[in-house]
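Enquirer: Okay, here's what each chain looks like letter by letter:
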Amino acid sequence: MDRETQAEAIREATAAMADRMAAEKSALTELDSAIGDADHGANMNRGFQAALERLEDADDDPAELVKTVGVALVSEVGGAAGPLYGGSLMKASGEFEDGITAESSVAFAERYLETLEERGKASVGDKTMVDAVTPAVHTYRKAIEVDDSDPLEALGKAVDAAERGVAFTTPIRAKKGRASYLGWRSVGHQDPGATSTLYLLEELLAVAEEYLNGDVEVDAEADVDPEELEEPALEDGADGGP
Amino acid sequence: MVGIVVVSHSRRAAEGIREIAREMGGDARIEAVGGTEDGRVGTTPGPIREAIDAVAGDGGGVVVLVDLGSAVMNAELAIEEADATEAVVADAPVLEGALNAAVAATSPTATVEAVREAAEEAAEVSKL
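In order, the protein sequence lines correspond to chains A and B.
One point on numbering: in full-length UniProt numbering, the residue at position 67 of the first sequence is 67, and numbering is uninterrupted.
One point on numbering: in full-length UniProt numbering, the residue at position 66 of the second sequence is 66, and numbering is uninterrupted.
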């Protein structure tokens with residue numbers, strides 16, 4: 001896939017993510033009102049709308065486009081989801097300097113996770129985005145490097161892994177994010193940030209399918225769209241709260 | 001002089017904390033930042049960065065006091081993007097830490113490290 005097509009895919013993925021955030025606004029806010037400050041849906045929706053607007057003036061460069069989305073989320077989201085999603089995208093976008101390939105997408109995913117953990121000081125089991133992103137990133141990397149999956153197949157496996165990670169957040173007690181203030185009362189509620197991460201990854205996968213497999217002619221080896229894969233991985237410390 | 005930035009999810013809380021800190025450290029250079037740019041409860045890195053650059057004026061460095069989780073993350077992001085040569089987040093309760101920091105910053109020999117340490121000592125104080 002040439003850079004123009006990659007850029008187009010990134011724009012398309014961002015648009016799909018923005019649509020999904022708009023559609024899930026109430027659902028995310030409902031999750032967040034149980035264990036957070038009830039703003040995650042509205043925050044994510046506002047952030048992705050801003051990202052779409054900013055992309056209109058951005059150059060067709062993959063790294064630059066992903067960075068632009070990150071900057072928009074950082075400044076518009078407002079809760080912890082802003083620095084977590086946005087900051088991680090900004091950092092990871094550098095991996096796409098030479099375009100999106102299977103290799104650079106693995107690097108992007110890993111950098112995203114690393115930045116997320118560092119910024120949120122969260123680990124697996126804290127009931128945050130990290131619980132969705134970690135299995136997704138590890139699965140993606142293993143699929144590419146060990147199982148020899150093509151990027152699309154790897155991304156599909158990563159989304160499945162993220163889904164299991166989201167389910168895992170329900171029975172556990174929050175140790176990070178606004179939900180941690182509730183202690184044991186956070187048990188039994190699904191984490192909003194992990195959930196929005198999964199939604200974003202699902203949209204990334206849908207757009208990747210279109211570009212790597214479907215209507216748009218591309219050589220599937222060359223580029224995946226993995227970046228978007230990571231995008232959804234943002235964490236948001238549990239709920240977009242503090 | 002070491003500058004101080006107070007970051008809260010609420011602008012009024014940040015300004016109130018500055019008001020209290022100034023009672024003891026009247027000459028300290030303190031900026032109060034809070035809320036999102038459209039007036040909701042929350043924090044964003046842009047205004048924090050501007051506050052850091054504003055109090056960093058003479059290059060003396062900046063200590064940032066924060067309240068809850070996203071304030072910490074946004075302060076860290078702001079520091080990465082700020083021009084200030086030396087800016088750190090203090091791991092301290094925001095109000096007591098700001099007060100300690102304001103007093104420490106008025107010392108003629110104050111350094112960023114000393115002000116940060118003074119702020120962090122507030123975490124050790126037992127109230128009862």
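A few of these clues could be false.
What the hints assert, rightly or not - SDA-like, lysine to any residue: derived pairs with alpha carbons at most 25 Å apart: (1) A:K121 x B:K127; (2) A:K91 x A:L182; (3) B:K127 x A:L182; (4) A:K25 x A:E153; (5) A:K91 x B:I79; (6) A:K175 x B:E124; (7) A:K25 x B:R40; (8) A:K25 x A:T170; (9) A:K25 x A:D61; (10) A:K121 x B:L95; (11) A:K121 x B:I79.
None of these hints come from the bench; they were simulated from the model.
This structure is a prediction, so every number in the text was calculated from the model and none was measured.
Enquirer: With reference to the structure, classify each hint as holding or not holding.
Expert: Do the hints match the structure? See the list:
{"no.": "1", "hint": "A:K121 x B:K127", "result": "violated (28 Å)"}
{"no.": "2", "hint": "A:K91 x A:L182", "result": "violated (31 Å)"}
{"no.": "3", "hint": "B:K127 x A:L182", "result": "holds (23 Å)"}
{"no.": "4", "hint": "A:K25 x A:E153", "result": "violated (29 Å)"}
{"no.": "5", "hint": "A:K91 x B:I79", "result": "holds (15 Å)"}
{"no.": "6", "hint": "A:K175 x B:E124", "result": "holds (22 Å)"}
{"no.": "7", "hint": "A:K25 x B:R40", "result": "holds (18 Å)"}
{"no.": "8", "hint": "A:K25 x A:T170", "result": "holds (19 Å)"}
{"no.": "9", "hint": "A:K25 x A:D61", "result": "violated (30 Å)"}
{"no.": "10", "hint": "A:K121 x B:L95", "result": "holds (23 Å)"}
{"no.": "11", "hint": "A:K121 x B:I79", "result": "holds (17 Å)"}
Violation of the numbered hints given earlier is confined to hints 1, 2, 4, 9; the remaining hints are satisfied by the structure.
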